[in-house]
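Novice: Spelled out, the chains give:
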Amino acid sequence: MFDSLKRHSQKAGEAPGTATYSGNAKSFAPSLLRIDYSPDALEETSEAFPFSSLGERRMDNRFLLLTGLHEGEQVLAVGEWFGMHPLAMEDVLNTGHRPSFEEYDDHIVLTFRQVQYDPDVVRLKETHAALFCSERDVVGFLEEPSGLWEGVITRLRKGKTRIRRLGSLYLTIALLDAMVDGYFSALSSISADVEALEAALEDNPAEERSLKRIYELKRTVVALRNSLLPAQQALGALHRSEVVEMSSDVEPYFADVKGHADQVVEAAQAVLELLSSMLDLQISLAGMRMNNVMRFLTIIATIFIPLTFIAGIYGMNFTHMPELHWRYGYAAVLGLMVLVGAGMVRYFRNNRWL
Amino acid sequence: MFDSLKRHSQKAGEAPGTATYSGNAKSFAPSLLRIDYSPDALEETSEAFPFSSLGERRMDNRFLLLTGLHEGEQVLAVGEWFGMHPLAMEDVLNTGHRPSFEEYDDHIVLTFRQVQYDPDVVRLKETHAALFCSERDVVGFLEEPSGLWEGVITRLRKGKTRIRRLGSLYLTIALLDAMVDGYFSALSSISADVEALEAALEDNPAEERSLKRIYELKRTVVALRNSLLPAQQALGALHRSEVVEMSSDVEPYFADVKGHADQVVEAAQAVLELLSSMLDLQISLAGMRMNNVMRFLTIIATIFIPLTFIAGIYGMNFTHMPELHWRYGYAAVLGLMVLVGAGMVRYFRNNRWL
Amino acid sequence: MFDSLKRHSQKAGEAPGTATYSGNAKSFAPSLLRIDYSPDALEETSEAFPFSSLGERRMDNRFLLLTGLHEGEQVLAVGEWFGMHPLAMEDVLNTGHRPSFEEYDDHIVLTFRQVQYDPDVVRLKETHAALFCSERDVVGFLEEPSGLWEGVITRLRKGKTRIRRLGSLYLTIALLDAMVDGYFSALSSISADVEALEAALEDNPAEERSLKRIYELKRTVVALRNSLLPAQQALGALHRSEVVEMSSDVEPYFADVKGHADQVVEAAQAVLELLSSMLDLQISLAGMRMNNVMRFLTIIATIFIPLTFIAGIYGMNFTHMPELHWRYGYAAVLGLMVLVGAGMVRYFRNNRWL
Amino acid sequence: MFDSLKRHSQKAGEAPGTATYSGNAKSFAPSLLRIDYSPDALEETSEAFPFSSLGERRMDNRFLLLTGLHEGEQVLAVGEWFGMHPLAMEDVLNTGHRPSFEEYDDHIVLTFRQVQYDPDVVRLKETHAALFCSERDVVGFLEEPSGLWEGVITRLRKGKTRIRRLGSLYLTIALLDAMVDGYFSALSSISADVEALEAALEDNPAEERSLKRIYELKRTVVALRNSLLPAQQALGALHRSEVVEMSSDVEPYFADVKGHADQVVEAAQAVLELLSSMLDLQISLAGMRMNNVMRFLTIIATIFIPLTFIAGIYGMNFTHMPELHWRYGYAAVLGLMVLVGAGMVRYFRNNRWL
Amino acid sequence: MFDSLKRHSQKAGEAPGTATYSGNAKSFAPSLLRIDYSPDALEETSEAFPFSSLGERRMDNRFLLLTGLHEGEQVLAVGEWFGMHPLAMEDVLNTGHRPSFEEYDDHIVLTFRQVQYDPDVVRLKETHAALFCSERDVVGFLEEPSGLWEGVITRLRKGKTRIRRLGSLYLTIALLDAMVDGYFSALSSISADVEALEAALEDNPAEERSLKRIYELKRTVVALRNSLLPAQQALGALHRSEVVEMSSDVEPYFADVKGHADQVVEAAQAVLELLSSMLDLQISLAGMRMNNVMRFLTIIATIFIPLTFIAGIYGMNFTHMPELHWRYGYAAVLGLMVLVGAGMVRYFRNNRWL
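Chains as they are written, first to last, in this note's numbering: chain Z, 1 to 354; chain U, 1 to 354; chain F, 1 to 354; chain V, 1 to 354; chain Y, 1 to 354.
If we strip away everything but chain Z, and leave its shape as in the complex, we get (with noise of 0.2 Å):
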């Protein structure tokens, strides 16, 4: 969140429709994955940056996956290639735009964010992701490599599928579910690990160590959650464009896509109120057994200060004490101790404080 914050304030001042990349320097190079497609034939090359002309569409359908945006100028020169927008390049290079769908003549771009859990830190890795969808091409932009997409590609690179004849909006919805698909991943990391951390704390009472893991978690389900909420727009957006037309054919997964990111925000809302109140009773149930221990160690000392003090009496070097020298003096302070000290922790007893 602030990360993304931070690369749009770098921003701030440009003229709108700047496409500039507002990310991190990386280490790797660009490379372009070109799948040209019809039914019947697929045919498939891969370079690596600098890339070489794209030259025409060989087949009915084409699908380009360009991973790595930190080369800004080639991003364009591919940007420019499809006719995007302006301000879609924009969006595409801004790698703290927010998940949106923006809809031009005669194309589509959605931009989103690919989440990763990572356990050990507990955080929630993003990285910028857009699909350009126009009537026969499709262009995918990943800010890092990713498997994202392995499985969808692997699915266009079988024959004959119904993802090879629908069409490049079919195409574009199922790398949309793939995108979803990994939020759902990542909140099923999560979900594990509060699993986890509740029988946990089953066994251990409540330390600092897990008010604070029971913090990073919540952090990052609100980070998933605020992730996704405008991807859902997005989706929404989409689905009630007036630009795109689906088809009877595409509309039942598109459906289906928008129900799964539905699933994902309910399931990451009910985590967030599972961890709330789980927070609530580790706070409750510490402060209880702290008020436990410490009556406990109250009482302890409630009892022997007045014995205590009945032992200071005698201690007192007065030269007249007659009950100093009474033969049975001892014995009977000794036995007023006795009665004293049973008497109170008979009526903590009574009281039910012990």
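Hint data in this document are derived by calculation from the structure and do not stem from the laboratory.
Glycine included, C-beta positions come from ideal geometry on N, C-alpha and C.
Hints may contain errors.
To be verified - Where chain Z lies over chain U, by a calculated footprint (3+ residues, C-beta under 8 Å):
(1) 93-103
(2) 212-218
(3) 280-290
(4) 294-306
(5) 310-317
(6) 322-335
Claimed, not checked - Away from chain Z, derived, C-beta distances all over 12 Å, residues of chain U:
(7) F28
(8) A41
(9) D60
(10) G147
(11) L197
We have chain Z; now place chains U, F, V and Y onto it with these hints.
Specialist: This is chains U, F, V and Y only, laid out in the frame that chain Z set:
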């Protein structure tokens, strides 16, 4: 909740519409109940896995109940026989699927969860269920054997009732009503537990165990509500559907089911508010009682500490301590102690600390 | 709330539209009041259970008031006479039914709850009520005898008033107004209790009893609001209804009733906020007072503990303790004690701890 | 709030449209100010209760201001003269009425509350006010004498201003603007008190008195917001009204008033959030300071308790205690005490407890 | 916030549309920058107060920037020259005015606030700004000199850019974008402070100072969000406006600005949630650490109090205390003390209290 996340994320990376069973392995054989019926006649057959061929519809309407979804192939065979959409079959088999309503060209599919409250572990057991409804056929899918639809089937068997006359949409509504009734029963049992707990708390101050129980009850009600909410949405979608035209015969019954679902959600919300208030009250009361105990103990200590100090003074061994040799020195000091003690008790009384 | 859940879940498994009484057994005999009226004339008959036949309407309009729903057969007979829909009759008899508005071909049915506040146990007593309204007939159903509609009936008996002229919809509105007025009175009594409690808390610090009372009041207001909310929705649905055409004569009166219901809900919300603030304040004040007491006590102990230590030193029995034999050793030690004590008091004062 | 509930519930059971005064008895005589005006001329008469007949309108427009509603008959006479609807007259006389907007065939009636902040008791004084507006007449009703509309009347008296030209709707808007300005002033005074309190809290730690003050301020702002919210709704209803056609001359001024009302509500919300944060902070700080004090005191006690124990050992009267007779036994024990004390101080320092 | 309330309430009682400056007196002279431009040419003049006559537009478009609003007459003169509505001029001069969008016959006026974050006092400085836009003219009003629109003016000066071509609406959008960028920068600085604070809290336990800082940061973010929210609404109103027809050239840029505003509001919300969590965690951790310290100290006291009691017994001066004369009495008592002490330590260890 976690369970459904886990089931779902197992499927990540698959093509949408890939229908595979996502639940746990089961030890029972799936069974298929088939009822052909018209207002005047009814024919019932029942068989265990593997099922023989389905054959033609023999009367006006047909109801199939498939219990056990873990033989995916068999489920797909049933689905294909009725011309279910691939995505619909995926929804039926995906036991982690969110309650949903989907409409296709000539049929609708509803998925939802059947809930059962287990008071011993204070957990909600959720199993997956689905309903397929076309003009003349209704197919119910249950993940596990259950009495959920016993009542409806019994009504179906009775001759010349509304359920025999009003067609497959009315039957679907009756089956949905049974599902909502399940939520009613679960919430009602939970409420009974809440009331019992409330009564128990009257007698016994808040303890760790009670806090945990409130927390578990809250968690269960949250799960129940979260499980019903999307079902409520699905009912709303069915109501607004343009594919399904409800006759004015059927519509009031559907409005009735929706009203029941609303009532459960509202009641769940109210139980949640009650549990939150109860928790807050218990924590406050526990704190207050603890404070009272501590105050009492501290006051006792505070009274004796100055007295012990006085005894300590006259326990010093100075050669020249004139008081030690006075005739009534001892009595005077004892008197002083009584005065100091009584003064302090009085002061504490005046300040209402005691 | 729990009550209505229980009543409802008794009905689980029944066919929708199965009208059976779901409340507790009652010890009084149902009674039926019948008023036939036109602007100029009024005829009133009243009979106890079992009722004789209803007979024809004798004037322009007719109002029936049936008190006691536990003789289900009789209620059904009345309902059938007026051509009520089976589901409507179920709603009337289901005393756990959520406040609702249902429209059928030629009549509407409203169910709601009549509330009474019992200040002794700080509980809201809710009973079931329903209204049937067709073009010329109004039937009121009350679960228990009550003065709810006394005022309206009195107005009806007076000659040539608006209520005699404006037909059955206006009468229904007047009856609903009385229902909302019941909420007004209940909330007003609760508010008086809240004010009394607030005044009492001014004088007395927070005690367990006060916390419990605030909690009970909150609970009661929540119940009142939760009971009115669906009634408010039902009024809204009646307003938007296309079946019921309100004449411009009647509409302002209906808007008035809706405005009253809104005002009760808003006021309930405000009372709730006030109670929450009050609770928070009381808990904070209790904590603060407790802290002050504990600080005072601890300071006393802290002052005397070092002094007792000094006395302890000179109470040791070493052979060689020169100070013990000094002429003014005792006085010097007493002086030292005074100095140490005064220094500590001063230090605490400076730090504003005392 | 409680006040308006009480006033309202006095009316329970009456027929809607029964116009009776519901406020407290007043000691002043109602007065009636009448202003006939046209862009070029103005005639003003003023009389005390009882009022003589109203007579005809003498110029283009007429404004009446009736102060004091406790002579219900007189108010009704005025209302009837202008053809007010019975329900409208009820709203005017019902001083507990919720701010509302009602439209009738040829006139509209707005009721609202005039607020004044009394900083001494930290309470909001609310009085009832109403506005009747027909094509050429405006009648203002005030429960008590107040300067609320002084400014508007002064502007009216000045010649040839917009207010003389733009007719009765513009006048109504100006009067409503004065009402909203009253909320502005009240909130502004409250905010000044909040700021003063915040500055005072900088210097002084949280005390019981401050907590109570924050609570009272919160309560007052909540009352102000709750009082304005329905007025805001009423303004919205007036805006959407199809009866009232606003000319493009008048509309911007109305939008301005609505904007002001929005601003007050937002500012009230912001003040509330601020007060809540302030309260939380004060409670946390108080707890933290208390903890620091207690920790310091407990550490002192903890240091001296073991030392006192050592002194206690050598205060025992055993015959055979060799150390007592050592030459440097006393010095050694004193040294031991210093060592133990210093060691403990060091340990506490290292743990940052001191 | 308080500031704008104060400014506004100074104006209470004035007629709407009375345009008077409501801010503080300023020490600088207002200045006027004028830029006439067309795609190919640009002419720039600049003068200080008092301004000479405005003269005719010299090219296609004109942009005026008026810095300093405290010479109300001058501002009015400018406003009148462009035919601004009286209410619009009031909004421009009312420096406490809520961000708003108003449309008049041939021009629109937007008011908003320019924010700057001052990290030293953790406050948001807000100044008033307004934009007038007609078909060919744009006038910007700034309460104080600032670099807010530097970047836009620089882009304007550069030849043949989009900003020179796309007319006055595009210029307005660019100026609004700079305003939103200001919020971005402010929030970004605040976030940096939040991150720094979070890192600092890792090392140091919660202290009074940290709590206050979190509170101040929260307060600042709330102010920022509250200041942007109505601006966001104003942008929405501009978007839905029927007076302003956005060409498809300009619309994507406007959507971009709105998206940015949404992103700031979301990010502010996320920062707020983070700060709240942080505060809760710090308070919990502080309580937990405090509890640990207190428990440790109390345990030490609890161990020594019984030992001191034993020493007290043998410090009594009874004549007949046989143990005192035993050969190994002293050693036995010391041994007993060690045993008791060790037993208690062991008991505390077993209970995990130590």
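Novice: Please go over all the hints and tell whether each is borne out by the structure.
Specialist: Evaluated hints:
{"no.": "1", "hint": "93-103", "result": "holds (count 3)"}
{"no.": "2", "hint": "212-218", "result": "holds (count 3)"}
{"no.": "3", "hint": "280-290", "result": "holds (count 4)"}
{"no.": "4", "hint": "294-306", "result": "holds (count 7)"}
{"no.": "5", "hint": "310-317", "result": "holds (count 6)"}
{"no.": "6", "hint": "322-335", "result": "holds (count 10)"}
{"no.": "7", "hint": "F28", "result": "holds, 27 Å"}
{"no.": "8", "hint": "A41", "result": "holds, 37 Å"}
{"no.": "9", "hint": "D60", "result": "holds, 29 Å"}
{"no.": "10", "hint": "G147", "result": "holds, 28 Å"}
{"no.": "11", "hint": "L197", "result": "holds, 15 Å"}
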